[in-house]
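Peer 1: Just so you know, the sequences run in chain order A and B. With the first sequence counted from 1, adding 421 to any position gets you our numbering. With the second sequence counted from 1, adding 107 to any position gets you our numbering.
Simulated from the structure, these hints should not be mistaken for lab results. Incorrect hints may have been included.
To be verified - Residues from chain A that keep clear of chain B, each with C-beta distances beyond 10 Å, as calculated:
(1) T428
(2) R444
(3) S469
(4) D506
What the hints assert, rightly or not - Here chain B is said to cover these stretches of chain A; the calculated rule only asks that three of the stretch's residues, wherever they fall, bring their Cβ under 8 Å from a Cβ of chain B:
(5) 431-443
(6) 489-497
Virtual Cβ for every residue (Gly too), placed ideally from N, Cα, C.
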Amino acid sequence: MTDTDATVFIVDDDPSVLKSLTRLIRAAGWNVEPLASGCDFLARLPFSGRGCAIIDLRMPDITGLDLCKRIAALCPSLPTILITDGDDFKLRAAAAAVTLIDFVSKPVDGEVLLSDVRAALARQR
Amino acid sequence: LTQYKPQKAQPGAENRYGFEALAWDVLARVMKAPDNQIDSKIDDALRRIVEFLNADFGILIQPTETASGPIQSHARVIPGRAQASVPAYPDSCFWVDRLSAGGQPAVVSRIDDLPPEAAEDKSFFRAIGVETVLSLALKARDAVFGAFILAGRHAQKTWPDEILRSLVLLVDCLSCALDGKRTRLEFEDQLRFQTLLADISTKFLHLAAGQLDSEILSALRRISESFDIDRCTLWQMRADRPDTLILTHVYQRDGASPFVPEVDAAEFFPWILRKGIEGDIAVFPRLCDLPPEAARDRESFGKIGTKSFLGVPLSVGAGTNLGALTFSTTRAERDWPDRSIRQFQLLAQVLANALARKRSNDALRESEVFMDVSLDCARAGIWSVRFAPPEIWLSPKMRQLCGFAPDEEVTPDKFLGIVHPDDREMVDRMVRRAVETTEDFRMEHRVLLPDGTILWIEARGRFHPDLTGKSKRLTAISMDITERKMAEAALHVSQERFRELVEQAPMPIGIVRDYEILQVNSKYVEVFGYQNVEELRGQPIIEQWAPRSRDEIRKMVQAYETGLTRPTEFEGFGLRKDRTEFPVQAIVTVVQLPDGPATVAFLRDVTEERAIEREIQRLRDRSWHAERLARAGIITVSLAHQLNQPLSAILSNAQAGLLLLDRENPDLEEFRDILKDIVDDDRRAGDIIRTVRRILPREESNRETISLAKLIRELIAMLHSEILDQGVEVDTTRVVDCAVVADKEQIRQVLLNLITNAIEAMQIRARDQRRLQFSVARLESEARVDVRDSGPGIPERRIGKMFVDPFRTTKKNRLGIGLMICSSIVESHGGRVWLVNNPDCGLTASFTLPLK
């Protein structure tokens, strides 16, 4: 069921969260590229292969919305899954208008996240 | 006047009120002052007004008896702003004349704008450095008697209307006080003089031949005492030396006369003598007022210590000069106002006729005829009645006084007929009594003349044997005292004026005597919710106040009834007719009314001010509450965010671990790492919670035995104004006394939250449908408190979530936080909190606490 050739970028400034998500996605069978900040991720782009990005909305170096705009500009086809605090409805709407985005509320339920990743990759295909 | 604005604040409503309050305070102080303190109170008032309005000068101009024109009676200069003293205002006073026409305040922005005819005013103001003037007339009984002037050193165009209005009111008050004093003094003076004149005249009427000298001395003594004269002398012309006067009678106040008898006026007082022989009066308030040609007189006066002098010729009929009567002071200089000179002349007349009688070789057959002459100036006459057979004799002067023609036939009945119908019965009674007792009688009555004129008459006399000794006659002097009665009436008018001012006052005023309301003004009637004054007159003053203010009122009224006179201020709660209460501020003082002293309270309804204060307090409370909420909110958001991180990591790790276990060859090293990370993240979550707990204020719990009923009562008292404001009806009939061991402050917080929630919830109801019911019940092992409101209640689906899901409600619903706090406090005491919608309407919040 899993595309082993797809790459899942995980962007989170919290090392323990980054580590646990990386472990989870990897355990599910995808390639994972963990990144500790938004800027690191932007530096990694453009990316032309199959894949998706899981991004924490709250990061110190760049706001989630700005990051989404930059991703939309650099690789418009890359689906993004945004991890939010759960009640930022306005931000969600703004981000959804920019690019292909899904949302997962904190605390992150691994099963929900994995099914979102699957759906995102399917959409890309 | 450049800055008429009071220094403290802009002339807004509050400040206007400030000036009005000042005006009434000034009135209260001036009104209560005894006559000898009125001037100093007015000085004080002038100072306060000048300072309040930040003017440079305040001047009060009033006429005096001696000077022909007005003089400045009070002046106030702000130190450092002008010359220390202000010279006397010029006699030809343009301002008073001009103001007498209008009565409105006159403003002169620049002294240069004054018309040419005000040249004297102009130079006067120039001299004291005044550039602008505001002038108001002092008025009494429709006549202007002076002016109140505020002046400044710099040009000033306009004055705010409200300040002008208050000034007019204030000046009215000052006028009223000054006029009252003047009228009282005039009246007392009149009364004193007429009594003296009547007494002396009566004495001489019944005089035996050998008593004249001693009666003259006694008259001199009485005159001295009545008019505060140090020395009275009587000089007579000797038959053998018509060109000089010889001193025959002296009354010296301290007893030690510098004179030896038979002093010759020609030797010591040539100038005064000349005046006396010519029939002129001689008067000088000060020795230096004597003309140069009176050098010898001045020298003599200096030797005998005379400081001030009045000499009146003694004459009978036309040009018959008998001598002179002199009045002098040795302790201080004094003025001799025209009015008092006239009075001394009348007294001299009486003495002159007594002397004429002594000199007369052929004794007058009827002493009455002689006396009548002496009473000419005093508008008095003599009458004598014999009852059986009826016969009456009237002196010519008496006939004139009563409006009878000189040759008109008068019977006793006809004579009594001119007595005013309303006084006739009283006169009959007095006459009968005089006849029965043969004692001296004295009465005041009116006569109604044929032309409709009404005169007031004072009659004094006695029932005595006539010259033949065979029958008895009632003989009396009747004196026209209409003038004195007019002065009395004027005094009454002045008191009426006070009453009027009270009536017109914009603030409620109540006058109290013997713990009862004597009088209130219409503003009082209005503010206290009555229809008319009659409802209040005679009511106990205590009932005008709310029960909680009564102790204080009782003490205060008692203090005034037992002699306290200084004004006091206090605040309490007034009680309207409909039993509602309102906050009142009062200035209380004592006034002299015609029938004795009374306590006057100037009141202010301070509902609005207190409402504003309460609103400020509420805003303050609200911001405190908001701050707490915000703090709680921030902590909550931060807590959620921070906890989300380790929780996310734990969940992801655990799920990764589960996925790992699904594999055929699970990597146990990886699995160990996962478990280790989970443990670390869990610790991290614990640390976060501990940190948050440290941030939240820790309240020390202080357990003691408390009475729930007492606590509820205290809270109701504390929230009284709020409850009153919201029109909430509070029912505590189901509160039983029940002691629990708890933290009083915390339980108070719980009750306060529940009550506040209830009051807020009921705001959507009409005022008469807001009902707050407390009940305290003692159960088996716990006490139960219910706070029941008549608000809309809470939807059933939310009622259960009010406590369990506080984070969802933090932003929109402070009820949640409040209930959470209640819940945590009550639970920490071992009780619980719950909400139930009432069957009819509203919500009941209940909590329990273990019994002690």
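Peer 1: Hints first: check each against the structure and report whether it holds.
Peer 2: For each hint, the structure was consulted:
no., hint, result
1, T428, "holds, 18 Å"
2, R444, "violated, 4 Å"
3, S469, "holds, 28 Å"
4, D506, "violated, 6 Å"
5, 431-443, "holds (count 6)"
6, 489-497, "violated (count 0)"
In the structure shown, a violation is registered for the earlier hints numbered 2, 4 and 6, in ascending order.
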